[in-house]
Amino acid sequence: MNRYPFWKYAIIAVALIVGILYTVPNFFPEVPAVQVSSAKVKVDTAVLAQVEEALKGASVPYRGTALDPTGIKVRLPDPDTQIKARDVLQAKLGENYIVALNLLSSSPHWLASLGALPMYLGLDLRGGVHFLLQVDMKAALDKKQDSYAADVRSLLRKERIQYSGTSREGGNVVMRFRDDAERTKARVAIEKNYPDLAFRDTDAGPGELRLVASLKPEALKKVQENAVAQNIQILRNRVNELGVAEPIIQQQGAERVVVQLPGVQDTARAKDILGRTASLEIRLVNEDPGALEGALAGSVPIGNDVFTERNGQKLLVRRQVSLTGDRISDAQPGFDQRTNEPAVHINLDGPGANIFKEVTRENVGKRMAIVLVEKGKAEVITAPVIREEIGGGRVQISGRMTTREANDVALLMRAGALAAPMEIVEERTVGPSLGAENIDKGFRSVTYGFIVLALFICMYYLLMGVISTVALAVNLLLLVAILSMLQATLTLPGIAAIALTLGMAIDANVLINERIREELRWGATPHAALQAGYERAWGTILDSNITTLIAGLALLIFGSGPIRGFAVVHCLGILTSMFSAVFVSRGIVAMIYGHRKKLDRISIGQVWKPSGGTPPPAATKA
Amino acid sequence: MEFFRIHRDIPFMRHALTFNVISLVTFLLAVIFLATRGLNFGVDFRGGTVIEVAYAHPVDFNRVRAALDKLNLGEFSAQAFGRSDTALIRLPLKDESSAALSDRVMNALKADDPSVTQQRVEFVGPQVGKELYENGALALLLVSFGIVGYLALRFEWRFAVAAIIANLHDVIIILGFFAMFQWEFSLAVLAAILAVLGYSVNESVVIADRIRENFRKMRKASVTHVIDNAITSTISRTIITHGCTLLMVLSILFFGGETLHYFALALTIGICFGIYSSVLVMAPLVMWMGVSREDLVKPERKVAADKILP
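Chains as they are written, first to last, in our numbering: chain A, 48 to 669; chain B, 12 to 321.
Okay, chain B solo, but in the shape it has when bound (with noise of 0.2 Å):
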C-alpha cells in the first residue's frame, strides 16, 4: 500500500503567497474572535468552585436549578457532563469557605433527592488562579525560546524564526477555536497547547533538516526547487505521522471521557493545523527571509558530510 504517489515535486512555494493569505485569514479569525468573545477560562484560572455530582436516574436540571436557586449563590450554572445522568455545577467565587459551600450546595441537593452522590469537586481560590495563569503564560514563553534557541542553534535563526512564526499561529487559531465555540479553557487544554507546539515544530524541524539535505546534494537547483522537493519528499511521512498521532488522540477524545475532552479537542484542531502551518506557513517564511545554500551548507561540514556518505 502506497497512498502518495507523486510523480514530480508539487510546486507549493509557487503558490506560497495564496496560502500565507488563508493563514493570515484564519489567525485574524482567531485574533477577532479572542479580541470579541474572550476566553471562557475554567475554574483552574478565573477561580471559582465546580461541583459534579451523580444522580440514579437522569437529571432533571429545572428541579437542581430550583434546589440552587434557594441558596443565594449568585451567577450559578447547573449543566449536563457527559452523561444524563451527571450533572456539573458551577458557582463563582465567594467569601465563603470552598468546604462550606460545597456541603451546603450536597445538603440541599440531598434534601430535594437523596440519590444524588457527590462525584467531584474542585475548588480554586483568586490568589490560585492568577498564579496557575501566570505559570501558564511563563510556560508558553519558555517553550516559544527554547524552541528559537535551539532551531537557531541546530539549524540557523532563520528556521528558527519561520518556525516558531508558524506554531504559534496554530496555538493562536486553537485559542480562537476556544474563543469562538466559548469551549472551556482549562489547564489541561493548556498543556495539549504546549504539546502540540513541541510536537508540530517536530514537523518544521523534519522539513528543515530536508531542506538543508538537499542544498547539500542538488548543488544546482535554485532555492524555490530545493524546498519543493524537501516539501513533497517528505509529505507523505507528514500526513502517515499525525494521521497515526490523530488516531490517537480521537480516541482519547471518543473514549477518555469528559474530562479529557477539550484536552483531546484542542490536540485535535491543534495537529490539523500544525501540518498545514509548518508546511505551508514556515516553509514560504524561511524563502522569503532569503535562505540560502551558504546559511545551512558550511564549507568544511560539506567535506565531512561528503566522508560520511557512503
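Chain A with its partners taken away, still in its complex shape (with noise of 0.2 Å):
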C-alpha cells in the first residue's frame, strides 16, 4: 500500500535535475562584458582575433571572448575595464561595428551550451527605456495619394490627353474631361502605368465628366505595411548608433511599434534619436581629376564635402543637392530585366520626373552619390553611374550589388524618403537602480513569505508539513527552470506572481493533509486515510487550479507589458503545482510510509476526534 512504482520516481528524478540544471544559473552574479555587433558587416573569426589584438596592444585585461551569432562577447574584470574596453574597441573598429555595454551571466559555459541560461530580466527589473510607437498612418496614405496625383497629372500630360482639371478629394484623384473617349484614354493610359489603382466614373451634369481614381485595397494595405516597415528599419538604424546590447524593435498590432532598449541609462539621447527623421539627396559626384586625391590630403575644393560610401571608399561629392528624398515615391529591390543583376528600381514623382530627366541628361557618364542625411551625419548608400539620360521617373540602379545590398539601398532610399511620422503613445523608463531594488525588493517578498508559510506548514502538519513545505519548494525550482528555459519575460508584478503562486499552491497540500486528518478522525487506518486523501483530493485540486488558469488565460490573452509578465508566471506555476503538490509529495510520502507493513501513525500533528455527537458520514465502507 502506498508503494510507489519505480517510474514515477525515475520521473520526479528527471524532473529535478531538470530543475536544477536550469535554476542554476539565476544564482551565477552578472559580470560586465563589452559585445561587438554589425549590421553591415560580418562578424567573423577575423574580427574576433581583431579584437583580441586591439584589447591586448591597449593592456586591457580580458577574461574571454566569445563568437556567437549575434557577435562577439568580451568578458571584463569589472565596469571601469568595461568602459575603457568598449572605448578601445570602438576607435579601433571604426563606426561599422556596434560596441555595447553588457552584463553576462558568469555561469559556466557547458550550461549555457545546454541551454541553460538566467531569466530574461523585464525592463522594470533591469531598467531601461520602453516605447510603443504609432506610426501616421495617415499621413502616410496623404503622401501617398499625393504622389499619385501629381504622377497622374503628368502622365495625362504627357500622353497628350485633353483634361481639363484634376484635383484630390479625400483618398481620390479626381479627373474632369469633357470627352468621353479621352476619359477611356486616360484610364487605359492609368491603368497600364499604376496598377494600383481602382477607378470610377461619375458625371456632374453635362460636359464635365468625371473619372475617379482611388488606391485598391490590397495596394492600401501595402501601403500601410511599407510604412511600418520602413520604420522599424529607420529605428533600427538609429537604435545601433545607441550602442544597446540586446534592443527588441517588434511591430505590434497593425501600426503600432515596441521599441525595448534594456540597460539604457541616458534616456533623454535616447529619446531624442527614435525621434529624429531623416533625410535622402542625390547630389552628384566630382569626378576631376586630381579632386579627390587633393581632398583627401586635406585640400577639400569649395561646395564639395568628403563622404565615405558603404563599403568604406571614399568620394568626393558637390554639395549641390539634385534631387532631394521626398520626391522618391517608391524603391524596391529586384533584378535588372536584360543582365538578371541585382537591382534596386526607384520611382520618382511628377516634379522629381523632370528633374532627374534633366540631371541627369546634362551629367550621362558621371556618377551621383545617394546620401543619407541623419542628423548632419551624411552616408553615402550608393553612386550608380549615369548610364543615360532617365525620363519617365522611374529608375534603376544596377551593377556591383548582391541581393542583400539591393534590399538594404532600396530599404535605406524608402526611410530616408518615406518616413510616416511616427508618435510615442507609451513610455515606461526604468532606471537602473530602481531596476536592482525592485529585483531585491521581490525577492524579500518571496524569500520571507515562503519561510514564514513553511514554518506554520510544518508545525501544523509536522512530518506531512514537511513533506508538504518540500513540495512547495519543488514547485518554486521547477517554475523557476521553466521560466529560465522559456526565457519568459520576468518583471516586477512577475516576481509577485511567484509569491502568489506558491500562496496558492499550498491549497492543494493542505486539501490532502486535512482530508487525512479526516479519514482518521473517522477511523481509517494510517494507509487508507493517507490513500483516500490524496486520490479524494485529486479531483477538487484539478477544478480548483482549472479556475485559476482560466483567470490566468484571460489575462495573458488580454494582458500587455508587466501584467502578461505576472500572467505567464501565474499560468505555469499552476500547472508546476499540479505536479510538485500531487505528484511528487505523494512520492516523498510513499518513499518514508510505503514500505512499512504496519503503521501505527501518520505524523501530521494532532488528530482531534469529537466525543459524541453527530456520527461520522464515512465510516462505513460503501
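Distance condition first, Cα-Cα at most 20 Å in a straight line; then the derived DMTMM-like pairs of lysine to aspartate or glutamate: (1) B:Lys105 <-> A:Glu470; (2) B:Lys141 <-> A:Glu302; (3) B:Lys141 <-> A:Asp183; (4) B:Lys141 <-> A:Glu470; (5) B:Lys228 <-> A:Glu582; (6) B:Lys105 <-> A:Asp183.
Okay, the calculated beta carbon distance ranges per label pair: (7) B:Gln138 <-> A:Glu265: 23 to 29 Å; (8) B:Leu82 <-> A:Arg441: 47 to 53 Å; (9) B:Val32 <-> A:His642: 54 to 60 Å; (10) A:Pro124 <-> B:Pro125: 29 to 35 Å; (11) B:Asp80 <-> A:Lys103: 55 to 61 Å; (12) A:Glu356 <-> B:Leu82: 42 to 48 Å; (13) A:Asp91 <-> B:Pro125: 43 to 49 Å; (14) B:Pro125 <-> A:Asp487: 23 to 29 Å; (15) B:Phe72 <-> A:Glu356: 54 to 60 Å; (16) A:Leu164 <-> B:Asp96: 34 to 40 Å.
To be clear, the hints were calculated from the coordinates, so they are not data collected in a lab.
We treat Cβ as the ideally placed atom computed from N, Cα and C, and that holds for glycine.
Two chains, two frames, some hints: make the complex.
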C-alpha cells in the first residue's frame, strides 16, 4: 500500500535534475562585458582576432571572448575596464561596428551550451526604456495619394490627353474631362502605368465627365505595411547607433512598433535619437581628376564634401542637392531585366521625374551619390554611374550589388524618403538603480513569505507539513527552471506572481492533509487514510486549478507589458504546482511510509476526535 | 496542533438570510462608493505621465511644486512615494510629446536641485489608455464566462451561477474599497482582481465538490444538512489555505515596495472577502435555487462511484 512504482520516481528524478540544471544559472552573478556586433558587416573570427589584438595592444585585461550569432562578447573584470574596453574597441573597429556595454552571466560554459540561461529580466527589473510608437497611417496614405495625384497629372500631359482639371478629394484623385473618348484613353493609360489604382466614372452634368481613381484595398494595405516596415528599419538604424546590447524592435498590431532598450541609462539621448527624422539627397560626385586626391590630402574644394561609401571608399561629392528624398515615391529591390543582376527600382514623383531627367541628360557618364543625412551626419548609400538620360521617373540602379545589398539600399532609400511620422503613445522608463531595487524587493517578498509559510505548515502538520514544504520548494524550483528554459520575461509583477502562486499552491497540500486527518478522525487506518486523502483530494485540486488557470489565460490574452509577465508566471505556476503538490509529495510520502507494512500513526499533527456528536458520514465502507 | 475542533455541523444555512443581508449591504455600499466617488484610475487607464524622481535627501515638496509651477503643466501633483527621498509627479495628458515633457520636467527639477535623479517615467497616451481599459473589461468578462462554463460542465448550472455571483460580488467589493479610499486603480490591480476571481472560485469548487460527495454518501440527509456538513468539514481547510495565501500576499504588501502596494492590497481584500463569499454567499444561493440530490448524483454515476470507493 502507498508504494510508488519505480517509473514515477524516475519522472520525479528527471524533473528535479532538469529543474536544478536550469535554475542554477540564475545564481551566478553577472559580469561586465562588451558586445561587438554589426548591422553592416559580418562579424567573424577575423574580427574576433582584431578585437583580441586591440585589447592586448591597449593592455586591457579581459577574461575571455566568445563569438556567437549575435556577435562577439568580451568578458571583463570590472565596470571601469568595461568602459575602457568599449572605447578602445570602438576606436579600433570604427563606425561599421556597434560596441555596446552588456552584462553576461558568469555561469559555466557547459550550462549555457545546454541552453541553461538565467531568466530574462524585464525592463522594470534591469532598467531601460520601453517605447510604443504609433505610425501615422493617415500621413503615410496622404503622401502616397499626393504622389499619385501628381503622377497622374504628368502622365495625362505626357500622353497628350485632353483634360479640364485634376484634384485630390479625400483619398481619391478626381480627373475631369469634356469628352468620353478622352476619358477612356486616360483610363487605359493610367491603368497600364499604375496597376494599384481602381477607377470609377461619375458624371456631374453635361460637359463634365469625371474619372475617380483611388487606391485598391490591397494597395492600401501594402502602403500601410510598407510604412511600418520602413519605420522599423529607420528605428533599427538609429538604435544601432545607440549601442544597446539587446534591443527589441517589433511590430505590434497593424500600426504600432515596440522599442525596448534594456540597460539604457541616458534616456534623453535615446528619445532624441529615436524621434529625429532622416532625409535623403541625390548629389553629383565630383570626378575632376586629382580633386579627390587633393581633398584626401586636406584641401577640400569649396562646395564639395568628402563622404565615405558603405564599402569604405572615399568620395568627393558636390554640395549642391540635385534631388531631395521626398521626390522618391517608392524604392523596391528587384532584378535588371537584361542582365538579371540584382537591382533597385526607384519611382520618382512627377516633378522629381522632370528634375531627374534634366540632371541625367546633362551628366551622362558621371556618378551620382545617394546620400542619407541623419542629424547632420551623411552617409553615401550608393553612387551609381549615369548611363543615359532617364525620363519618366523610373530609375534603376544596378551593378556590383548582391541581393541583400539591393534590399538594404531599397529599404534605406524608402526609409529616408517615406518615413511616416511616428508618435510615442506609451513610454516606460526605469532607471537601473530602481531596477536593482525592484529585484531586491521581489526577492525579499518571496523569501520571507516562503519562510513564514513553511514554518507554519511544518508546525501545523509536522512531518506531513515538512513534506508539503519540500513539495512547495520543488514547485518553486520547477517554476524558476521553466521560466529560465522558456526565457520568458520576468517582471516585478511576475515575481509577485511567484509569491502568489506559492501561496495558492499550498492549497493542494492543505486539501490533502486535511482530508487525511479527516479520514483518520473517522477511524480509517493510516495507510487507508493516506490513500484516500490523496485520491479524493485530486479531483478537487484539478477543478480548482482549472478555474485559476482560466483567469490566468484571460490575463495572458488581454494583458500587456508587465501584466503579461504576471500572467505567464501565474499560468506556469499552476501547472508546476499540480505536479509538485500531488505527484512529488505523494512520492515522498510513499518513500517514508510506503514500505512499512504496519503503520501505527502518521505524523500529521494532532487529529482531534469529537466525543459524541453526529456520527461520521464516511465511516462505513460503501 | 489542530485549530478547528468542531463538535457538530455548524448550522450555516439557518443563518443564510443574515449572511446574505450582510453581503448585500456591503455590496450596495461598494456600489454607492463606485457610483459617487468612482475609481481613481491610474495613468495606465487614464493616460498621462508619471515621473518618479529620487533626491539625495528628503524631498521638499514645496520646492518641487514651485519648480514645476513655472512650467505651466496643467493640473499636476507631486507626492511622496514610499520613501521620504522619493517623489512621484503625475502630469495630465498634454499635446506635447511625453519625451519632451519629461525632459522639461527633469531639467526644471535639476535646475532647482542638482541631486535629483530620474527613477522612472511612465507615459500612456489616451488611445492606449482606452485600449487597456477595454481589454481589462474583456478579460473580466472572459474569466467570468470561462468559470461559469467550466462549473456548469463539471457540476451543475446552479453552482456555476451561484459561484460567479458570489465571486463577482467580491470583485465589486474590492472595487468599492478602491473607490472609497480613492486608491489608485492600475493595471496591476486589475491583474490582482482577476487572480483573486480565479482563486476564490477555488473555494466554491471545494465546497461544491463536497456537497456533491455528501449527496452520494448521506443518502437520507436533507439538503440543508448536506450543505452544512460540507461547509463544516471544509472550513478548516478553507481558513488554513486562505491564511497561507494571505501570508504570502502580506509578504508582498510589506516587502514588495510601493509598486506592488495596491496590487497586494487588492489581493488581501479579495482573499478576506473570498472566504466569506464562497462559503456564506454561494452556498445559500445554491440552496435557494433549489439544488437537489438528483441534480448532482446521476444514477449510473452512482454505481460507478460505488465501485471506485474501497
